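Residue numbers (my numbering), protein chains in the order written: chain A, 1 to 101; chain B, 1 to 275.
A few of these clues could be false.
[Said to hold, decoys possible] If the Cβ cut is set under 7 Å, some of the chain B residues that face chain A in the computed set are:
no., residue
1, 167
2, 186
3, 233
[To be verified] Computed, partial: chain A to chain B, Cβ under 10 Å:
no., residue
4, 7
5, 8
6, 14
7, 20
8, 33
9, 36
10, 88
[Said to hold, decoys possible] Far from chain A, some chain B residues (derived; all Cβ distances over 12 Å):
no., residue
11, 15
12, 59
13, 70
14, 71
15, 151
16, 158
17, 161
18, 226
Please keep in mind that the hints were generated in silico from the structure rather than gathered at the bench.
Note that the structure is a prediction, hence the values are computed from the model and not measured.
Glycine included, C-beta positions come from ideal geometry on N, C-alpha and C.
So you can see what is in the structure, the chains are spelled out below.
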Amino acid sequence: MSEKQLTEMSYSEFQEVMDTYIIRSARQDDAIPSPTFLELLFDTLSKRVKNVIQLQGQVVNGELVLAAPTGPKAVQVRGNQILLGDWRVIVKLQGGEFQPA
Amino acid sequence: MTQTVQITIPAAFTSHHQGVLTRYLVDDRQLGPAEWQLLYQGIDVLGTARFQAGGRANTFRQLYHRHIDAHFASPYLEQLLALDDVKAQSPALIAEFARRIAPRLQQASLLLPNMPQTWLFYAYCVYWWQNFGRGYAFEIQIVRDLRASGVNFYTHDVRDPVERRSAADLIVLNLAGDVKTSTYFLREALSQRLLSDFYVTRLWAGKRQHTLVVFQQPAAWEQINGDTVDGQLADLLRLLPRPVRLQQGDVTLVVVGYEMWKRRVLQVQRRQNDE
Chain A
1 MSEKQLTEMS YSEFQEVMDT YIIRSARQDD AIPSPTFLEL LFDTLSKRVK
51 NVIQLQGQVV NGELVLAAPT GPKAVQVRGN QILLGDWRVI VKLQGGEFQP
101 A
Chain B
1 MTQTVQITIP AAFTSHHQGV LTRYLVDDRQ LGPAEWQLLY QGIDVLGTAR
51 FQAGGRANTF RQLYHRHIDA HFASPYLEQL LALDDVKAQS PALIAEFARR
101 IAPRLQQASL LLPNMPQTWL FYAYCVYWWQ NFGRGYAFEI QIVRDLRASG
151 VNFYTHDVRD PVERRSAADL IVLNLAGDVK TSTYFLREAL SQRLLSDFYV
201 TRLWAGKRQH TLVVFQQPAA WEQINGDTVD GQLADLLRLL PRPVRLQQGD
251 VTLVVVGYEM WKRRVLQVQR RQNDE
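Turn these sequences into a full structure, and let the hints guide you.
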């Protein structure tokens, strides 16, 4: 029965498959072996982190000053602020002062 | 009254997808890594399949929400929360609700014995229902365990359909966390980045045994206790419950056994209370 595609089965075969699945899957999670789970998880997350921008910064007079990246124009840096699309990311040093852009 | 029903399955749902879906439903232990990925792809594509009846077209995903989630989610969660022993009693409850799916779909002419393409919709609904049911059963087990252990935390009210979809299930030490079965956790990673600070989940530690773990962003673990041992993916189960730092490419996560995570959280909370 398992050799057939779902839609190639008779309706009673299909119902039997679903009834068995309901009982099994109510009892336990999908049986993804841990190595498979970890491989899929890290592969997926690694692929998502495609665009990496490195910023350099230094502390000038007790305040953080970031250097503008030479890469994509989508990211702009002003003082301690990173402008990315609709986002303005403000990086503060612990105990430091806010650096206006 | 009979009405004309037409289903459009996207061409992206190939015979390979249906093959792996069939094998998954029959016995998921048959699947290898590539097949799990194919299964998730196939389920996502099926969500965009279109069901046309009575002049109206809806995707499988829309129909699931209208016919299954909207009708069964709240009553299921009410009954789940009333259970004394969620771990032992929830499987019967999940299955009981799953058995209501076929009659409901048949009544709405969405499951027709003579139209095998409608079976794919039924399979799609049961797949998501079982994930939903198990996911909340797991979440409630963890929430009850954290409460019994004396951990201070905030959790969303799963009875409230809006709060149920909040960005985080738990807030512990100002860290946002989610409780997810391994399937949901993986699907979240596949569909979006891991946005929470930590995820309580289960890993298969053998053919029939799960181990509870917490996956964390490195900064979250540093806030609790920065100690880690470096590990490879293949070593994780051997190194647990110790906090293991896993790195692959640009991705780093810290994984720790759930009981150890809880103890460290309690230590930090007690220290904060003493200060």
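Now for the hints, and whether the structure bears them out:
A hinted interface residue such as residue 167 of chain B counts as satisfied when its beta carbon comes closer than 7 Å to some beta carbon of chain A; here the least separation is about 17 Å, so the hint is violated. Restraint check, residue 186 of chain B versus chain A: the minimum CB separation of about 6 Å is within 7 Å; hint holds. Because the smallest distance between the Cβ of residue 233 of chain B and any Cβ of chain A comes to about 4 Å, under 7 Å, the interface hint for this residue holds. The beta carbon of residue 7 of chain A is positioned within 10 Å of a beta carbon in chain B (closest approach about 4 Å), and the interface hint is therefore held.
The closest approach between the C-beta of residue 8 of chain A and any C-beta of chain B is roughly 8 Å, which is under the 10 Å cut-off, so the hint is satisfied. Because the closest C-beta pair between residue 14 of chain A and chain B is about 5 Å apart, less than 10 Å, the hint holds. Because the closest C-beta pair between residue 20 of chain A and chain B is about 8 Å apart, less than 10 Å, the hint holds. Evaluation of the residue 33 of chain A hint against chain B yields a held restraint, the C-beta minimum of about 6 Å falling below 10 Å.
Taken as an interface hint, residue 36 of chain A checks out: its beta carbon lies about 4 Å from the nearest beta carbon of chain B, inside 10 Å. Look at residue 88 of chain A: its Cβ only gets to about 19 Å from chain B, farther than 10 Å, so that hint breaks. Look at residue 15 of chain B: its CB is around 7 Å from the nearest CB on chain A, not clear of 12 Å, so calling it non-interface is violated. At roughly 19 Å, the least C-beta separation between residue 59 of chain B and chain A is larger than 12 Å, which holds for a residue marked as non-interface.
Every beta carbon of chain A lies more than 12 Å from that of residue 70 of chain B, the smallest distance being close to 20 Å; the non-interface claim holds. The beta carbon of residue 71 of chain B sits about 17 Å from the closest Cβ of chain A, which is more than 12 Å, so the claim that it is off the interface holds. With a least CB separation of 24 Å from chain A, residue 151 of chain B remains clear of the 12 Å interface cut-off, as annotated. Distance check on residue 158 of chain B: its Cβ is at least 18 Å (rounded) from any Cβ of chain A, clearing the 12 Å threshold; non-interface status holds.
Taking the minimum C-beta to C-beta distance to chain A, about 23 Å, the non-interface status of residue 161 of chain B holds against the 12 Å cut. At the 12 Å boundary, the C-beta of residue 226 of chain B stays outside the reach of chain A, the nearest C-beta of that chain being 16 Å off.
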